[in-house]
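Spelled out from the first residue to the last, the chains are:
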Amino acid sequence: MNTMMRSAVSVGGPASLGFPRGAARTSIGDDAAVRLEVRNVYKIFSADPKPALSMLRQGASKAEVLEKLNVNVGVLDASFQVRAGEIFVIMGLSGSGKSTMIRLLNRLIEPSSGEILLDGKDLVSMSKADLIQARRRNMGMVFQSFALMPHLSALDNAAFGLEISGVSKAERHKAAQQALEQVGLGTYASRYPREMSGGMQQRVGLARALANDPTILLMDEAFSALDPLIRTEMQDELLRLQREHQRTIVFISHDLDEAMRIGDRIAIMEGGRIVQVGTPYEILSRPADDYVRSFFRNVDASKVLRAGDVARYEATNTVIRLPGELAPALQQLRENHHNFGYVRTQDGRFEGVVSQTTLERELKGPQPRFINAFLPDVRTVNAATPVHALLALVADTEWPVPVVDDDHNFLGAISRALMLHTLVRGD
Amino acid sequence: MDSEIRIGKWVEELVSFMLDHFQSTFDAIATVVNGFGGAIDYVLVGAPAWLLIGLIVAISLWRVGVGFAVFTVAALLLIAGMGLWTETASTLGLVLTATLLSLLVGVPLGVWMARSRVVESIVRTTLDFMQTMPAFVYLIPAVMFFGLGRVPGILATVIFAMPPAVRLTSLGIQQVPAEIVEAGKAFGCHDRQLLFKVQLPNALPSIMAGVNQTMMMALSMIVIASMIGAGGLGNVVLQGIQRLDIALGFESGLSVVLLAIVLDRITQSFGRTASVPRPVRFAFLRRFLPVPAR
Chain A
1 MNTMMRSAVS VGGPASLGFP RGAARTSIGD DAAVRLEVRN VYKIFSADPK PALSMLRQGA
61 SKAEVLEKLN VNVGVLDASF QVRAGEIFVI MGLSGSGKST MIRLLNRLIE PSSGEILLDG
121 KDLVSMSKAD LIQARRRNMG MVFQSFALMP HLSALDNAAF GLEISGVSKA ERHKAAQQAL
181 EQVGLGTYAS RYPREMSGGM QQRVGLARAL ANDPTILLMD EAFSALDPLI RTEMQDELLR
241 LQREHQRTIV FISHDLDEAM RIGDRIAIME GGRIVQVGTP YEILSRPADD YVRSFFRNVD
301 ASKVLRAGDV ARYEATNTVI RLPGELAPAL QQLRENHHNF GYVRTQDGRF EGVVSQTTLE
361 RELKGPQPRF INAFLPDVRT VNAATPVHAL LALVADTEWP VPVVDDDHNF LGAISRALML
421 HTLVRGD
Chain B
1001 MDSEIRIGKW VEELVSFMLD HFQSTFDAIA TVVNGFGGAI DYVLVGAPAW LLIGLIVAIS
1061 LWRVGVGFAV FTVAALLLIA GMGLWTETAS TLGLVLTATL LSLLVGVPLG VWMARSRVVE
1121 SIVRTTLDFM QTMPAFVYLI PAVMFFGLGR VPGILATVIF AMPPAVRLTS LGIQQVPAEI
1181 VEAGKAFGCH DRQLLFKVQL PNALPSIMAG VNQTMMMALS MIVIASMIGA GGLGNVVLQG
1241 IQRLDIALGF ESGLSVVLLA IVLDRITQSF GRTASVPRPV RFAFLRRFLP VPAR
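Just so you know, the sequences run in chain order A and B. Take 1 as the starting number for the first sequence in the numbering used here and just add one per residue. Take 1001 as the starting number for the second sequence in the numbering used here and just add one per residue.
So here's chain A without its partners, still in its complex pose (with noise of 0.2 angstroms):
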């Protein structure tokens, strides 16, 4: 975790992008294992997807497949990767292809062409008895009309997917009192779905794909039926779920906040393709065409991003390694014409801000050290905090914000002009 983190840091090339990536949410680099990994896989709705693919292959679009050949097209070309340990958000609107793709995943649906990865091994070419070996064993999916078992309990319904792999009742009830109360409703057992509310109804959803201890989890627009508060509820209960046990996480949304708050990383899909994929703020800097613009479009920037996003690293702060000396540390201030430098250790922890003036006071000394320069009164902001809550303490603060992550990692530093670049987005 730690060094994931850490070389999340250094190897995410920060003087290229300037900031790290998804580094807010979840501490997943760009070298974490990938776990799946979709390639080129079509979905057409036709008994012979022959004539519709060799078309979709030579250029044609889905519309004009669907005059012709009078067929429909779920999924057009379809790449990507899910890395271990990342919420992966799929986003479209209704009619672009989410559900299917994430139906695709369990073959749910069956691709008509194309391979879908599961840790190296291709799921569409797997025996019917392996996949069902596969369902069982790694994945879990949560529904967005929930789909529990009306004449089971809650804890016959979270032991569903234990008792279709034979695990004995004593055993598939302990592991799903134990998923019930990780999602709050240990107190729930004997309740039945229909004496439950959607929130409630959807955490055993939730806990009847956990009981099994699935390595992917597929959520289906998994909290697009409750409201509002309920909604926001769930996601954080998701990410707290997601703190303590990382789990592959796909996650099917039509929610733009929702995708936002909760996604690693995001793909968006329009007509079946999919159109860009990203970390949150990737996409809402540099949207890939008109029509994922026309998505943020009304986004306020201030709510979806956080600290992490937004924090730049040594492209536009001095960093200053430890164990080293106080003299080249000034000097590079200088030369780099930063009034403030931010000290971490070798491996990554955040230690203190010093300044020019302090550094020079310091080195005036009898014996100079870091500690006795750093400036007092530094608060340093955790990667996830909104960037709406930060405004108030950048505009206050003289020296640009430090941000760190939950392990006090140095990420980088906001200054009042970053917020303030940050909010117009450049446009």
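Just so you know, the hints here were simulated from the structure itself, not pulled from any lab data. One or more of the hints may lead you astray.
Said to hold, decoys possible - Heads up, simulated DSBU-like pairs for lysine-lysine below, C-alpha to C-alpha not over 35 angstroms straight-line:
{"#": "1", "chain 1": "A", "residue 1": "50", "chain 2": "A", "residue 2": "62"}
{"#": "2", "chain 1": "A", "residue 1": "169", "chain 2": "A", "residue 2": "121"}
{"#": "3", "chain 1": "A", "residue 1": "128", "chain 2": "B", "residue 2": "1009"}
{"#": "4", "chain 1": "A", "residue 1": "121", "chain 2": "B", "residue 2": "1197"}
{"#": "5", "chain 1": "A", "residue 1": "364", "chain 2": "A", "residue 2": "303"}
{"#": "6", "chain 1": "A", "residue 1": "174", "chain 2": "B", "residue 2": "1197"}
{"#": "7", "chain 1": "A", "residue 1": "174", "chain 2": "A", "residue 2": "128"}
{"#": "8", "chain 1": "A", "residue 1": "50", "chain 2": "A", "residue 2": "128"}
{"#": "9", "chain 1": "A", "residue 1": "169", "chain 2": "B", "residue 2": "1197"}
{"#": "10", "chain 1": "A", "residue 1": "128", "chain 2": "A", "residue 2": "68"}
{"#": "11", "chain 1": "A", "residue 1": "121", "chain 2": "A", "residue 2": "174"}
{"#": "12", "chain 1": "A", "residue 1": "128", "chain 2": "A", "residue 2": "62"}
Got chain A; can you put chain B on it based on the hints?
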């Protein structure tokens, strides 16, 4: 009238061909049905009236409620009072036998129909055809293959009463919400688990409605089947018609109606609560208890 197209003649030849070559098959069917129907009849007719009445009243109380239980007591005592209990018990036996056999064939057929397009189109057409036929017509092949008596009566009733069991089973399975079926698959159900753990439990309310319909149709048909000697209350109704005995006709007819109401309400209750698995069953007892302070 001398017709050119002799369909009747061909059918007659077909029937005699089948009788010549499949006699042993028909005998086997007859033996099984007769044994099954006979056993049920033996138990119901043989049991003392008070025991059977008590049992039916208990079921009414358990499934429906106190009010209906009172009605059941009154209805069954009235039947017994009119001296028609033995015939009613016999009819009940015939209905139960026919209903069970209908379900035994009809439910699996409905499941098969829900899972296969081809089967669905064949069965649906056959059922449509069967339901347009007048009830009487079912008696003809039954008599031809099985003669007179209980067995052809039951078999004609089974054929007549089966369609709702088939249709409502198939409908129930097809109406299970798509996401629930997907949930079953997503958690790794193989085909049989999907049927028994997801589709059938979710289709149960519909299937129970089919059971209710089948039983009601079986009751109406078994009365008609008395014409080929099925026995029971139908015989008494038939006597009333033949002798123009208004009193006998009314009493037997009333008994059929009362039995129908009791059976209908009881089977309906199973349909209603099939989707309500909580123990609501002894809720009526709470009425006799003092209201607990909350």
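Do the hints match the structure? See the list:
no.: 1; hint: A:50 to A:62; result: holds, 14 angstroms
no.: 2; hint: A:169 to A:121; result: holds, 31 angstroms
no.: 3; hint: A:128 to B:1009; result: violated, 53 angstroms
no.: 4; hint: A:121 to B:1197; result: holds, 29 angstroms
no.: 5; hint: A:364 to A:303; result: violated, 45 angstroms
no.: 6; hint: A:174 to B:1197; result: holds, 20 angstroms
no.: 7; hint: A:174 to A:128; result: holds, 29 angstroms
no.: 8; hint: A:50 to A:128; result: holds, 23 angstroms
no.: 9; hint: A:169 to B:1197; result: holds, 15 angstroms
no.: 10; hint: A:128 to A:68; result: holds, 34 angstroms
no.: 11; hint: A:121 to A:174; result: holds, 31 angstroms
no.: 12; hint: A:128 to A:62; result: holds, 30 angstroms
This entry does not satisfy hints 3, 5, going by the numbered hints stated previously.
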